[in-house]
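Starting from the given sequences, assemble the full structure and let the hints guide the process.
Residue numbers (this note's numbering), protein chains in the order written: chain A, 1 to 276; chain B, 1001 to 1317.
Everything labelled a hint here was simulated from the structure, so no lab data went into it. The beta-carbon is built from N, C-alpha and C at its ideal position, and this holds for glycine as well. Possibly wrong hints are sitting among the right ones.
[Said to hold, decoys possible] Just a few of them, taken from the derived set where beta-carbon distance is under 8 Å, the chain B residues facing chain A: (1) L1009; (2) L1010; (3) L1013; (4) V1022; (5) A1026; (6) G1078; (7) P1143; (8) W1146; (9) L1151; (10) I1153; (11) G1250; (12) G1255; (13) L1277; (14) V1284; (15) A1301; (16) L1305.
[As the list claims (entries may be wrong)] Estimated spans, in silico, between C-beta atoms of each pair: (17) A:V26 x B:H1074: 55 to 65 Å; (18) B:L1159 x A:F238: 49 to 59 Å; (19) B:D1076 x A:E171: 50 to 60 Å.
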Amino acid sequence: MSTEAPARRRRRARAAGALIVALVAVVAALAPALPLADPNRTQPSRRLAPPLSPEHLLGSDHLGRDLLSRVVWGARVSLVVGVLATLLAVVAGTAVGLVTGFYGGLTDHVAMRGIDLIMAFPYILLAMLLVAALGPGLVNAMLAVAVVNVSFYARGVRAAVLLLREQEFVEAARAVGSSEGRILRRHILPGIAGPILVFVSMNIGVMITESAGLSFIGLGAQPPTADWGTMLADGRQFITVAAHVAAIPGLAIFVLVLGCNLLGDGLRDALDPRLR
Amino acid sequence: MRRYLTHRLLSALFVLVGVSFVVFLALHLAPGDPAQVLLGPMATPGELANLRSQLGLDRPMIVQYGRWAARAAHGDLGRSIMLRRPVLPELTRRFQATLILAAGALLLAFPAGILLGVLAATRPGSPIDRLAQVVAMVGISMPAFWVGLLLIIGFSVRLGWLPGTGMYAPAGDGGARDLLAHLILPAVTLSLVPLAIVSRLTRTSMLDVIAQDYVRTARAKGASEPRVIGWHAFRNTLVALVTVLGLQVGYLLAGAVYVETVFAWPGVGFMMVNAILTRDFPLVQGGVLLIAASYVAINLATDLLYAVVDPRVRHVH
Chain A
1 MSTEAPARRR
11 RRARAAGALI
21 VALVAVVAAL
31 APALPLADPN
41 RTQPSRRLAP
51 PLSPEHLLGS
61 DHLGRDLLSR
71 VVWGARVSLV
81 VGVLATLLAV
91 VAGTAVGLVT
101 GFYGGLTDHV
111 AMRGIDLIMA
121 FPYILLAMLL
131 VAALGPGLVN
141 AMLAVAVVNV
151 SFYARGVRAA
161 VLLLREQEFV
171 EAARAVGSSE
181 GRILRRHILP
191 GIAGPILVFV
201 SMNIGVMITE
211 SAGLSFIGLG
221 AQPPTADWGT
231 MLADGRQFIT
241 VAAHVAAIPG
251 LAIFVLVLGC
261 NLLGDGLRDA
271 LDPRLR
Chain B
1001 MRRYLTHRLL
1011 SALFVLVGVS
1021 FVVFLALHLA
1031 PGDPAQVLLG
1041 PMATPGELAN
1051 LRSQLGLDRP
1061 MIVQYGRWAA
1071 RAAHGDLGRS
1081 IMLRRPVLPE
1091 LTRRFQATLI
1101 LAAGALLLAF
1111 PAGILLGVLA
1121 ATRPGSPIDR
1131 LAQVVAMVGI
1141 SMPAFWVGLL
1151 LIIGFSVRLG
1161 WLPGTGMYAP
1171 AGDGGARDLL
1181 AHLILPAVTL
1191 SLVPLAIVSR
1201 LTRTSMLDVI
1211 AQDYVRTARA
1221 KGASEPRVIG
1231 WHAFRNTLVA
1241 LVTVLGLQVG
1251 YLLAGAVYVE
1261 TVFAWPGVGF
1271 MMVNAILTRD
1281 FPLVQGGVLL
1291 IAASYVAINL
1301 ATDLLYAVVD
1311 PRVRHVH
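Put into structure tokens, the structure is as follows:
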């Protein structure tokens, strides 16, 4: 069987993913400059307008707010929360993974038992517990999603460091008298950049869905923030009369997450052929 | 095997104690003084101090944890602030609903996912193989709370075929038929992610196994294709499937939160969301503890099952 057709399809899928993510990012970045209605301006006389009505391309919600504008502004929230949560998790997870993997010993043992403990919680449950402790809100939801994912990155990075630590070039660096800090910075860190990128690309879609989910159940972004999860929750009450109010923000989440996942799959294939 | 069993049991116990400590600590450190909440803003410092010592809140934290854990071990999880009832009976009632939902989703996801994965792996590059890959990609990308709403809009609101909220009809007889009708939409929604994961995993591990020498040998000996696939190849993907089964059961118990919220399914997840929003901490603690404990138990069972399916595991340490 020829392997060319699947390879071409994979390249196409990756390009489609990149296109979706880039498009959402550009629209989100340009939101203030776009000719859109104020996402928070209420117009009771125009409530629940269907899509394609004059002045409201995607219709309006139960307070008469323009859905197109809210979807665009909501993209900012989802992207910022997704990216920030990922960054937090990556930085903390990489730090833990580097230290435990490189130095080993008691630190490693204690940290790994702690991570076992975190992983003993079902993912969503731990995020909910953290939000319960910190109080509902967008920032707390983002923190919760980040904390839950630290263990994922710490484990991955630790495994990668354990492999690198035994390589000959690290031994050589040690032999010529490089300090441990220099070995970590110059030899280990560049070596784990690839795997980290693969983890990020596979994980960021989950982060976005999770934050939207927490907002949907009322634990994340609070009204009147234009956030996809909150918009979906608002629209729920009107599904009998105006289904689009709930359907559209959900579609936005789906498209962005699909884009991230397609891109992630493609990056993984390109960067780490073993995982294919 | 016995040493492996002891080792796994001990580490599960360790994790369980740790989990209970994390649950206790998280809500203990949460802002808000329970004594203040109970007595209201007019309470004098003296009254507050009195109640604190009565509730044991002035004791060292480790002592407080010990007392709470000892009571929890005896099944006393305290009383719900909102419901004014003991937490445990409420939890068990809710847990049953969650289990029914999770079982429904598993019964849909595993057979369908395995079938799709096997069909895809035995016909690489075919339309069914592409379909399997699209299903996997779309399945993990769709947020469950959105899919649930779309199903309600389509099948309950527009078509009126199936009920879209609750577990039983309010005026119904509470029979199995009624339950089944209410179960279909939430179970389908909850099954999407595991369906995607199972079909993908089955496909990859089948492709792996089919390329192995012993499969070629079986074919060379003249074994029929169904026998090669069903007996030689599929059996070896079982190990991977058992692992994912354990992971997915855990996912389903907690992932049910969104689905339960969308469908107003009276499970633990739906209850916990409300408990968090009303700051009903005993109920939150009990709920987290129960789900985390069942998760630990499931992981333990998976590891043991793993050792049965694959004898090599017993000796790896």
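- Item | Non-conforming hints, listed in increasing numerical order | 1, 2, 3, 6, 9, 15, 16, 18
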